[in-house]
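**Student:** Please put together the full structure from these sequences, using the hints given.
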Amino acid sequence: MSLKNKVLVFWGIMDGLALVSYFFFSLQSGNVPFYSDVSGFYTNYSQLGVSGLMGGIIQVMFFINIALIVSLFFSCWSLIVKKDIHNIFFIVQEIARLLSLKCSLALIPLFMHFTGVSAAWGAFLLFFVSEALKIGSVVWAKRNHHPHADSAITG
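Residue numbers for the sequence shown follow the numbering used here, so the first one is 678 and each next one is one higher.
Honestly, the hints are just simulated from the structure, not real lab data.
Any given hint could turn out to be false.
[Claimed, not checked] In silico SDA-like pairs for lysine to any residue, Cα to Cα no more than 20 Å straight-line:
| id | residue 1 | residue 2 |
| --- | --- | --- |
| 1 | LYS760 | VAL684 |
| 2 | LYS760 | GLY693 |
| 3 | LYS759 | VAL769 |
| 4 | LYS683 | SER807 |
| 5 | LYS819 | CYS753 |
This one's a predicted model, so the numbers in the text were calculated from it and none came from an experiment.
**Tutor:** As C-alpha coordinates, then:
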(Lines of atoms letter the chains of each structure in order from A and count residues from 1; the text may use other names and numbers.)
(Lines give C-alpha, C1' and ligand atoms only; values in the text may rest on other atoms or scores of the structure.)
Protein backbone atom coordinates (compact mmCIF):
# COMPACT_ATOMS: atom_id res chain seq x y z
CA MET A 1 0.00 0.00 0.00
CA SER A 2 1.40 3.39 -0.94
CA LEU A 3 2.13 6.09 1.62
CA LYS A 4 -0.69 8.20 0.16
CA ASN A 5 -3.15 5.35 0.66
CA LYS A 6 -1.94 4.78 4.23
CA VAL A 7 -2.48 8.43 5.10
CA LEU A 8 -5.96 8.51 3.57
CA VAL A 9 -7.00 5.17 5.10
CA PHE A 10 -5.80 6.36 8.53
CA TRP A 11 -8.04 9.43 8.35
CA GLY A 12 -10.91 7.27 7.05
CA ILE A 13 -10.52 5.00 10.07
CA MET A 14 -10.53 8.06 12.36
CA ASP A 15 -13.79 9.26 10.78
CA GLY A 16 -15.28 5.78 11.16
CA LEU A 17 -14.16 5.63 14.79
CA ALA A 18 -15.73 9.05 15.45
CA LEU A 19 -19.01 7.85 13.92
CA VAL A 20 -19.00 4.60 15.90
CA SER A 21 -18.19 6.57 19.07
CA TYR A 22 -21.13 8.90 18.45
CA PHE A 23 -23.55 5.98 18.11
CA PHE A 24 -22.00 4.07 21.04
CA PHE A 25 -22.14 6.96 23.52
CA SER A 26 -25.59 8.01 22.33
CA LEU A 27 -27.00 4.52 22.77
CA GLN A 28 -25.11 4.02 26.06
CA SER A 29 -26.85 7.15 27.40
CA GLY A 30 -30.22 5.69 26.43
CA ASN A 31 -30.67 8.15 23.57
CA VAL A 32 -31.78 7.58 20.01
CA PRO A 33 -29.00 8.96 17.79
CA PHE A 34 -29.97 12.18 15.98
CA TYR A 35 -33.59 12.14 17.22
CA SER A 36 -32.64 12.66 20.86
CA ASP A 37 -30.11 15.33 19.84
CA VAL A 38 -32.67 17.32 17.87
CA SER A 39 -35.46 17.01 20.44
CA GLY A 40 -33.07 17.82 23.29
CA PHE A 41 -31.73 20.81 21.39
CA TYR A 42 -35.17 22.31 20.81
CA THR A 43 -36.22 21.66 24.42
CA ASN A 44 -33.16 23.51 25.69
CA TYR A 45 -33.41 26.14 22.96
CA SER A 46 -36.97 27.07 23.93
CA GLN A 47 -35.94 27.33 27.61
CA LEU A 48 -33.13 29.74 26.73
CA GLY A 49 -35.60 32.16 25.22
CA VAL A 50 -33.20 33.41 22.55
CA SER A 51 -34.43 34.73 19.24
CA GLY A 52 -33.36 36.89 16.37
CA LEU A 53 -29.80 36.76 15.10
CA MET A 54 -28.37 34.98 18.15
CA GLY A 55 -31.08 32.32 18.00
CA GLY A 56 -30.39 31.80 14.31
CA ILE A 57 -26.65 31.46 14.92
CA ILE A 58 -27.26 28.88 17.66
CA GLN A 59 -29.51 26.84 15.36
CA VAL A 60 -27.05 27.00 12.45
CA MET A 61 -24.21 25.83 14.72
CA PHE A 62 -26.31 22.91 15.95
CA PHE A 63 -27.20 21.79 12.43
CA ILE A 64 -23.60 22.16 11.26
CA ASN A 65 -22.71 19.69 14.01
CA ILE A 66 -25.44 17.26 12.90
CA ALA A 67 -24.38 17.56 9.24
CA LEU A 68 -20.78 16.90 10.26
CA ILE A 69 -21.77 13.68 12.01
CA VAL A 70 -23.67 12.53 8.90
CA SER A 71 -20.72 13.49 6.68
CA LEU A 72 -18.42 11.18 8.67
CA PHE A 73 -19.95 8.16 6.96
CA PHE A 74 -19.23 9.59 3.50
CA SER A 75 -15.69 10.69 4.33
CA CYS A 76 -14.92 7.32 5.97
CA TRP A 77 -16.14 5.48 2.87
CA SER A 78 -14.33 7.84 0.48
CA LEU A 79 -11.01 7.63 2.31
CA ILE A 80 -11.01 3.87 2.93
CA VAL A 81 -12.73 2.46 -0.15
CA LYS A 82 -12.01 5.06 -2.84
CA LYS A 83 -8.74 6.19 -1.20
CA ASP A 84 -9.51 9.73 -2.23
CA ILE A 85 -11.68 12.60 -1.05
CA HIS A 86 -13.09 15.43 -3.12
CA ASN A 87 -11.41 18.75 -2.34
CA ILE A 88 -14.67 20.68 -1.87
CA PHE A 89 -16.05 18.03 0.50
CA PHE A 90 -12.77 18.03 2.45
CA ILE A 91 -12.73 21.84 2.78
CA VAL A 92 -16.40 22.07 3.82
CA GLN A 93 -15.96 19.27 6.35
CA GLU A 94 -12.87 20.91 7.84
CA ILE A 95 -14.68 24.24 8.15
CA ALA A 96 -17.54 22.43 9.90
CA ARG A 97 -15.04 20.72 12.21
CA LEU A 98 -13.50 24.06 13.12
CA LEU A 99 -16.90 25.66 13.75
CA SER A 100 -18.17 22.75 15.86
CA LEU A 101 -14.81 21.92 17.49
CA LYS A 102 -15.03 18.25 16.42
CA CYS A 103 -11.60 16.67 16.46
CA SER A 104 -10.42 14.75 13.37
CA LEU A 105 -8.17 12.52 15.45
CA ALA A 106 -10.95 10.50 17.10
CA LEU A 107 -8.57 9.00 19.64
CA ILE A 108 -8.15 12.36 21.41
CA PRO A 109 -11.77 12.74 22.60
CA LEU A 110 -11.87 9.04 23.50
CA PHE A 111 -8.64 9.40 25.49
CA MET A 112 -9.99 12.45 27.29
CA HIS A 113 -13.29 10.69 28.05
CA PHE A 114 -11.77 7.51 29.44
CA THR A 115 -9.01 9.23 31.44
CA GLY A 116 -11.26 11.96 32.82
CA VAL A 117 -9.00 14.72 31.51
CA SER A 118 -11.15 17.82 31.11
CA ALA A 119 -8.80 20.81 30.94
CA ALA A 120 -10.19 23.20 28.33
CA TRP A 121 -6.77 24.53 27.29
CA GLY A 122 -5.53 20.96 26.72
CA ALA A 123 -8.59 20.08 24.68
CA PHE A 124 -8.17 23.18 22.48
CA LEU A 125 -4.47 22.50 22.01
CA LEU A 126 -5.07 18.87 21.05
CA PHE A 127 -7.93 19.92 18.76
CA PHE A 128 -5.75 22.37 16.82
CA VAL A 129 -2.87 19.88 16.61
CA SER A 130 -5.29 17.25 15.30
CA GLU A 131 -6.68 19.54 12.61
CA ALA A 132 -3.23 20.74 11.57
CA LEU A 133 -2.07 17.11 11.24
CA LYS A 134 -5.10 16.14 9.17
CA ILE A 135 -5.06 19.13 6.86
CA GLY A 136 -1.30 18.94 6.42
CA SER A 137 -1.14 15.20 5.79
CA VAL A 138 -4.11 15.08 3.41
CA VAL A 139 -2.87 18.08 1.42
CA TRP A 140 0.60 16.51 1.31
CA ALA A 141 -0.84 13.17 0.15
CA LYS A 142 -2.93 14.82 -2.55
CA ARG A 143 -0.24 17.19 -3.88
CA ASN A 144 3.19 15.69 -3.29
CA HIS A 145 2.66 12.01 -3.80
CA HIS A 146 4.68 10.47 -6.59
CA PRO A 147 4.14 6.79 -7.45
CA HIS A 148 7.87 6.21 -7.82
CA ALA A 149 8.55 7.52 -4.31
CA ASP A 150 6.83 4.50 -2.75
CA SER A 151 8.98 2.03 -4.66
CA ALA A 152 12.09 3.93 -3.55
CA ILE A 153 10.90 3.82 0.09
CA THR A 154 9.94 0.15 0.13
CA GLY A 155 12.28 -1.16 -2.27
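**Student:** Given the hinted pair LYS759 and VAL769, is their Cα-Cα distance within 20 Å?
**Tutor:** Status holds; Cα separation ~19 Å.
**Student:** Does the structure keep LYS760 and GLY693 at a Cα separation of 20 Å or less?
**Tutor:** holds (14 Å)
**Student:** Check the hint pairing LYS819 with CYS753 against an upper bound of 20 Å on the C-alpha distance.
**Tutor:** OK: LYS819 and CYS753 at ~17 Å, within 20 Å.
**Student:** Take a quick look at whether LYS683 and SER807 sit within 20 Å of each other, Cα to Cα.
**Tutor:** Holds, at about 17 Å.
**Student:** Holds or violated: LYS760 with VAL684, Cα cutoff 20 Å?
**Tutor:** Status holds; Cα separation ~9 Å.
Every hint from the earlier list agrees with this structure, and none is contradicted.
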